[in-house]
Every structure is written in structure tokens, then in C-alpha cells.
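Chemist: Residue-level listing of the chains:
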Amino acid sequence: MFFRRNSFQGIFAAVAVLALFVIGCGSDDPMAHQEEHFEPEGLVIIDSGNRFFRYYRGQIDASGGRADHLDAPLNEETPHWSIRFLDDHGDEIPPPDDPDFKFTWAIADNTVLEVVQDADDVGKFDFHLRGLKAGETTIELQVTHGDHVDFRTIPIPVHVGE
Amino acid sequence: MKFTTSILIVVFCFSAISASDGTRLIEGYVFDHKTQRTIGNVDIKLDDGAVGTTTDERGRFVLRLSEGVHRLSFFRVGYGLVSREVRVSGAKLPILYVEIIAREIVMDTIDVVAKSVETRFEALHEATGVLSGDELQKKYSLTLAETMKNEIGVAIRSMGPAPARPVIRGLSGDRVQINIDGIESHDLSATSADHAVTLEPFNAERLEIIRGPRTLLHTASAIGGVINVVKQKIPEDHPQRVFGSVGAYGETANRGYLSAAGITVPVGPLALYAETTYRNTRDVQTPIGRLANTPIDTRTHLLGLSYPTDRGYIGASFDQFDTQYGIPGGFIGGHPNGVDLDIDRRVFDGKAAFHFDREVLSSVEVDLTRTFYHHFEYESSGSIGSEFLFHDYRGDLKLFMNTQGQTRNTVLALGFGHHNLKLGGFVFTPPTREQCASLGLYHEFIYRDIEFQASARYTYTDFDPRPSTRSIAALGVDRTFHAWSAAISPLVTITDRLTGGFNFSRSQRVPRIEELYNHGPHLAAYTFEVGNIDLEAETSLGFEVFFHYLQPGIDFVLSGYWNEFDTYIAPRNTGEINFAQLLPIYASDGVAARFLGLEMHLGWRLNTRLNLELNGSYVRGENRDEDLPLPEMPPLKFVGSTTYQHPYLTVGGTAEFVAGQERVDIFEEPTDGYAVFGIYAQRDINTDHTRHSIIISVDNLLDTEYRNHLSRIRSVMPETGRSIKVHYKMFFF
Numbered sequence: 000m001f002f003r004r005n006s007f008q009g010i011f012a013a014v015a016v017l018a019l020f021v022i023g024c025g026s027d028d029p030m031a032h033q034e035e036h037f038e039p040e041g042l043v044i045i046d047s048g049n050r051f052f053r054y055y056r057g058q059i060d061a062s063g064g065r066a067d068h069l070d071a072p073l074n075e076e077t078p079h080w081s082i083r084f085l086d087d088h089g090d091e092i093p094p095p096d097d098p099d100f101k102f103t104w105a106i107a108d109n110t111v112l113e114v115v116q117d118a119d120d121v122g123k124f125d126f127h128l129r130g131l132k133a134g135e136t137t138i139e140l141q142v143t144h145g146d147h148v149d150f151r152t153i154p155i156p157v158h159v160g161e
Numbered sequence: 000m001k002f003t004t005s006i007l008i009v010v011f012c013f014s015a016i017s018a019s020d021g022t023r024l025i026e027g028y029v030f031d032h033k034t035q036r037t038i039g040n041v042d043i044k045l046d047d048g049a050v051g052t053t054t055d056e057r058g059r060f061v062l063r064l065s066e067g068v069h070r071l072s073f074f075r076v077g078y079g080l081v082s083r084e085v086r087v088s089g090a091k092l093p094i095l096y097v098e099i100i101a102r103e104i105v106m107d108t109i110d111v112v113a114k115s116v117e118t119r120f121e122a123l124h125e126a127t128g129v130l131s132g133d134e135l136q137k138k139y140s141l142t143l144a145e146t147m148k149n150e151i152g153v154a155i156r157s158m159g160p161a162p163a164r165p166v167i168r169g170l171s172g173d174r175v176q177i178n179i180d181g182i183e184s185h186d187l188s189a190t191s192a193d194h195a196v197t198l199e200p201f202n203a204e205r206l207e208i209i210r211g212p213r214t215l216l217h218t219a220s221a222i223g224g225v226i227n228v229v230k231q232k233i234p235e236d237h238p239q240r241v242f243g244s245v246g247a248y249g250e251t252a253n254r255g256y257l258s259a260a261g262i263t264v265p266v267g268p269l270a271l272y273a274e275t276t277y278r279n280t281r282d283v284q285t286p287i288g289r290l291a292n293t294p295i296d297t298r299t300h301l302l303g304l305s306y307p308t309d310r311g312y313i314g315a316s317f318d319q320f321d322t323q324y325g326i327p328g329g330f331i332g333g334h335p336n337g338v339d340l341d342i343d344r345r346v347f348d349g350k351a352a353f354h355f356d357r358e359v360l361s362s363v364e365v366d367l368t369r370t371f372y373h374h375f376e377y378e379s380s381g382s383i384g385s386e387f388l389f390h391d392y393r394g395d396l397k398l399f400m401n402t403q404g405q406t407r408n409t410v411l412a413l414g415f416g417h418h419n420l421k422l423g424g425f426v427f428t429p430p431t432r433e434q435c436a437s438l439g440l441y442h443e444f445i446y447r448d449i450e451f452q453a454s455a456r457y458t459y460t461d462f463d464p465r466p467s468t469r470s471i472a473a474l475g476v477d478r479t480f481h482a483w484s485a486a487i488s489p490l491v492t493i494t495d496r497l498t499g500g501f502n503f504s505r506s507q508r509v510p511r512i513e514e515l516y517n518h519g520p521h522l523a524a525y526t527f528e529v530g531n532i533d534l535e536a537e538t539s540l541g542f543e544v545f546f547h548y549l550q551p552g553i554d555f556v557l558s559g560y561w562n563e564f565d566t567y568i569a570p571r572n573t574g575e576i577n578f579a580q581l582l583p584i585y586a587s588d589g590v591a592a593r594f595l596g597l598e599m600h601l602g603w604r605l606n607t608r609l610n611l612e613l614n615g616s617y618v619r620g621e622n623r624d625e626d627l628p629l630p631e632m633p634p635l636k637f638v639g640s641t642t643y644q645h646p647y648l649t650v651g652g653t654a655e656f657v658a659g660q661e662r663v664d665i666f667e668e669p670t671d672g673y674a675v676f677g678i679y680a681q682r683d684i685n686t687d688h689t690r691h692s693i694i695i696s697v698d699n700l701l702d703t704e705y706r707n708h709l710s711r712i713r714s715v716m717p718e719t720g721r722s723i724k725v726h727y728k729m730f731f732f
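Chains as they are written, first to last, in numbering that gives the first Met the number 0: chain X, 0 to 161; chain R, 0 to 732.
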């Protein structure tokens, strides 16, 4: 056999190997919970109950007299707009109520347009648009989950009129 | 075709010239007895002084000798003079492996050992698939893939500098297995372009690419080959005294550095090996600017202990690899803000070998490995985006049969594995258990002057996904695979300078967990990935023809291959997008595919100081179902290098010529060709107890803007710009 009984080297080696094994084990660290994404396939924008803008599966749906772009008045705010989302059947679903999900946006030209939220709407899916100068730009509407975007629209054209 | 014909004509002309003079070629390699590294510039002479040569930077030499018994002497500054008797007779000659010992050892006690009588297969392997000694130091770079990028048939898949992984003959993922000391290195680098290989090659003694039937001793799925990194984590021999190395490495393109130390110590009858490295780099500089979020911070620790005896050894090692690195963002196909990754991998390895020398059984090797792997992907806010954790248990038993008659080597290999993958964060792959078992047989024999390698392997694999909230995973579909692989390769000595052969193989690769069960966004890769629970094992037939011409000063290898896949599994851009995140959807599917390729290697020693080397490789991948090119195929590449060895300084230059890649899959962009150049200088300083090696090199000398076709970030950033590298290593003994 490799080791003589009671030999110092044998004990040293056995202890060392055991130590290496224990160190090498690692632990079943508590895992971050496997989380669900919020994955709608579209949205509608509602103005006083009127669903005047619809975006679904990567395209703006201007059928039925709906708008193919958004209008923002110069130096004024639009009325209070709310967002409802669309699932993979095109049915409306409410925005997520978990505070980890936030409404965010990306404007191509911030000198033309800004988004305004009422104090109690911050992070929620309600907003106003305000035109800063006459012109055209685009806005991408997003649902941000933690630090990543779970949902985003294509850049939606916005016209700021005089 | 004309090019191939011309090469063959040249090869046969050389062979015709060589066959006429009635002498024989002796080929061999010289190693340092302690470090087992090959040694360049060793003077080799016949005792009568009539014939002489020196080893090249790979420690290789070739001598022409007449038939009879000769005595060769080997000498290098810092080492003792040793001699070796060589018998030259018959058409077939062994390859000599000679070890020389540092000067302070008493010369009377030196016993020069011929390491083994190897085959022409080994000669071919050494010529085309091995990096060691000074050559390895010279080519060492940031990652294993970068270090091997100019080897024949090798390309790099990357997504920033850290997660680079080698691609061989256009095959990637786990078709190319990475081993450390013959045992698979388990990590997630094969599963996604953003996952790093958890291996630091700085202290590697040797990197080798194993191809042909021998791959089936390691895996059924390595159609591309097996990359084996030799480190001797567990010492197999008892060291006579303390020896080791201390090293440092730095490069300007990332303002990074690495420090490393390794030592082997005799502790009574035991042998102890310890190693540590630390690497820190910042963002990579390209010719058009900084590639943001590409720093790397890596620590490795390794401790190995063994009890070597005359009849074998038993030992264990602990190996930790801890790295943090960034994946760049802000481009199409990348996370807008980039992602930071943190990987902790710990490996416990127990190994034993015992030599019986019985009538049937020659020796036995047993290896038990436990791997713990924990991997986080952080978003820029610091929140955990994805988390992967697995425990992996592997066991291998190899029985080496006694060589009898014409049989050179027979190995029976049994293996088992248990893999338990858990996930957290915004991850979509279900937690899955994988069990596997394998039985392999490798046989090497000679029949009428034809050397044969043959092997076969059966692998059983079972996947057991657990319930998850995501769609495919919720189905909890178990899958079981029975994979059969076999290969045979004869090698014929056409003349004493020219050998030729072929390799025929049938291989089956079992799909990965991700290829079966994925369904969701992958944030770091910034793709929406869809698996396929109906995938069958990836079956391929491979045929390769090769020629090896060897004469003093010239070493030429030419090979052509044809791999035919029934079901080549690849995540392909479907051209569709996921409507929630507007991510491109990549779906795993099996398609009929064909890989055709050509490779060549020419080593030409013009005189005792000047060497030229040229490597070339080309692969053409076709999706036969849709009559389209396969995605991410490496373009035609030639790498030339020249080395001038002065007794006090070795200098050289490299040139890399890569053609543009116009053959692209749908939704894949072509890439322009490029040429980049590099230079280097190396100085070795030997004393009685140390050897200092300093290499200074400049990569991408002209600061050329070029893009790697296999880089996921090539659309926004080119490869690394001009970089000055300093590599220092001090061996003590």
C-alpha cells in the first residue's frame, strides 16, 4: 500500500486532501430568485377613456381612425395620458404593480420634447408630453425592470406644433 | 485545386530527393528534466563531431545518420553534458525524447532517459498541435484563445476580450473540449459567447490540440478536437529538490498586468505543487478608441499534493479561479449599458495511477473531480441579472493494457458524471440535472508497416429539468440520449521522409441543456434564445487526409477534411424579433451541414539561426438544408513567422493575413480582410540555479483597424490596437 500505518506523512497527506476537498466544496449559496419578465407585445395610450394610439407587435396600428404618431403642443402639456399593455392575443392587461417595474422613455431629441409626470405618477404608467420647440422627434416608451428594459416600443414619431 | 496539386507535387519531389542517399532521419525533442519544458538551442553532436545540429525553439531536432550505432551528445549552457546511444536500422525509427539536467547536478549520476518510443502519429501531433517551452511563452496572451489564435485551424469566438474561446475548424462550443491535465475543465464557456473560459494559461507547461481517434478517450462530442492544457497540478514524480518559477506580464493596449508564481517542493516522500496568479486589466484600446466596460480582474490559486512511488502515485489538488470582467454594450446585439460578470470556480481533483506490468494489465489511472461553479451577471445598477450555479461530479477509470506483439497501446476508459445546474435572477433555462456514463476503447497497432489508431465510445446521457415558470421548462420534458462514436486512422510511411494517412470518424454530440430547454432573453448576449426539446444527437461523419514531410530543416504538413453533419445544432438568427424587448430571436435547430477545409504547416530552418514558419487554414461551412453558408465561419487565414536565433538574443516577426468573409448566413454581415504584423525579441539568461526569460513584443505593429468575423462586437469596435507586451519568467531550481 502507499502509506504505512501511523506514518506522519500519511496523516499529513490525508488531512491535506480532506482540507482541499472541504475548501473546494463551495456552498449552495441562496440563489437570487428566478424572476419573471414583463413581456407584453404592445400598448395603448388612453386619453380620458379614448384609446387614441395603439402599438402592437413592433408596429403602430393606425386603423379605425387611431393616430399614427403623437402630437405635443408647444410649451404646453398634453392631457393626462395612461398606458395599458397588450398581451400576445392583443387583449389589454394592466401595468405591473410591482414597484420594481417603472415607466421610462428615450427621446431622440431632448430639445424638442420632454415627458412630464405628476408628482404622484412618478414611475407609474401615466404621463404628459410637453413640446419644447417646434419640430419632429421620436420617443421610445419602455418598461424598466430593475436596470434592464423588459419592454420597449419602436421609436414613435412625435410632432411638436406651433 | 491548382494550389493543392502544386503542394503535393512539391511534397513528392522532396521525398524523391530524400530517398536516394541511403541514410536515415532521426527526430527528437529535448526537455528540462525538472520543468519538463522543451529547450531550444541545445547543441547536439555525434561523438566524432562529424554531424551536429541544435534544437529549435520547440526543443526539436532532426539529424541525418547512417545505419549503425551512434552516440549523440547534448549540451546547453546552464545544463550538464549528457550522451545517448542511438541504434539506426530499418525503415522505421523512433522519435527520441531526451531529458537534460541543470548544471549543478553531479554529472556522474546523470541517467538520460528516453521518454518513450513514440509513433509517427506523435511526430505529426508535435508538428501541428503543440505549444510549449519558449514558443508558448512567446505566444502567451490575455486568454487561452488569444494564446492559441495562430495555431493551425484555430480562430477566436469573442464578445469582448475576456470571454474569448477557441474555435477549431469552424466548430465551436462543446465541439471543442478544453481539458486540464487530461480532465475536462467544467464551466459555462461553451454555452454562450459572453461566458469566459475559466483557465489561466500563464503557468501551463504545454498546450496541445488532440485530434483523431484519441479524442474519443476524452469525449464523444469533440468533433473539433480537444485542447489539453498540461500543468501537472498533481505531481506525478517526486522532485529531487525545490524548483519553480516567478513571472510577470504586461501589455499597453489594456494597461494590464499579470503576476504569477509556482513552486514544487519535496515534503518527505510527498510532492507539493502550489501556484498563484493575479491579473488586472483596464478597458481595451482599439485604433478608433476605447472599448468601454472591458476590464478584467482574475485571481487563481492552485495547490496539489501527491505521493509518488516507483509504481505510480496518488494525489489531490484544489484549484480556484475567481474572475470579474465586463461585457461591452451599446451596440446592436449588445446590452445597452453592458454587463459585468463575476465567476467563482473551485475544483477538487483526486487522482491515482498504478503500474502493474502484469501480463494483461499494464497500469490503471483513476480520477475523481468535483467542480463548484457560481456565476453572476450584474446589470449596471449592480442588481443581479442572471445567476448560474452548478455542482459537477466526474469519475474516470482508465485501464492500460500491456503492449504485446504489434499492439502499441490499448486503453479501456470508463466514466460517469453528475451535473446539477441551478439558476437565479432573470434566467430562463430551467434548473436541470444531468447524468452521464461512458465506455471508451482506444487501440493503437501496426499492421504491415502501417500504424493504426482506432477508438470507439458509447455515452449515455439523461437530462431531468425541474418545474419552472417558463413555458418550455414548465413541461418538464426529460430527455435521454445514447451516443455512439468511432474513429480509425491509418498512417503509412511512404518514404523515410514522407508519411500519409487518413482519419475516418463517426461522432455523436449530445445537445446541451441550453440547446434543449432555453426560452427567453439572455441579457448579456442580448438575444432572445429559444431551445428545442425535440433535438436529436448531433451526428457527423468525418473524413480527413493528411501528409507529413520531414527532412532536416523542413517540416511540412498538409491536410484536407470533410465533415458531414446530419443535424448540426446551432442557434441561428431567425430574422424575427421578440416583441417585448425587440431582441433578435435565436433558435436552436439541427440542420444538415457540411464542413470542407484545408490546412497546411511549413517549418523551414534556413540555417542554424534562421527559421521560417507558415500556417494556413481554410474552412467552408454550408447549411445544406437551405443551401446557405453557415454562420460565424472563420475566413481564409495565413500566419507567417520568422525567427533569428543569436546566442544572446532571439528576434522575430509575425504576419497574419486574413481574407474577407463574404460567405455569410442570412442576417449576418460580411467582414473585410486584413493584414496585421508583429515583432518580438527574446533574451534568456542562465545561471547555475536560475533561468531568466524576457520577451518584449509589439502586436498589431501598424495599429491596423481590423475586425474578427467571429466577434459579436465587430459591428461597433475593431480588434485591439498596437500593444507593447513584456513577458518575464524566472525559473529557479
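For the record, the hints were derived by calculation from the structure and aren't laboratory data. Any given hint could be a false lead.
[To be verified] Restraint-style ranges between C-beta atoms, simulated for each label pair: (1) X:90 to R:565: 37 to 47 Å; (2) R:533 to X:49: 42 to 52 Å; (3) R:581 to X:133: 53 to 63 Å; (4) X:132 to R:286: 53 to 63 Å; (5) R:666 to X:119: 52 to 62 Å; (6) R:533 to X:117: 18 to 28 Å.
We put the beta carbon where it would ideally sit given N, CA and C, even for glycine.
Chemist: Does each hint fit the structure? Answer for all of them.
Modeler: Taking the hints in turn, this is what the structure says about them:
no. : hint                       : in the structure
1   : X:90 to R:565: 37 to 47 Å  : holds (42 Å)
2   : R:533 to X:49: 42 to 52 Å  : holds (47 Å)
3   : R:581 to X:133: 53 to 63 Å : violated (30 Å)
4   : X:132 to R:286: 53 to 63 Å : violated (39 Å)
5   : R:666 to X:119: 52 to 62 Å : violated (45 Å)
6   : R:533 to X:117: 18 to 28 Å : violated (51 Å)
This entry does not satisfy hints 3, 4, 5, 6, going by the numbered hints stated previously.
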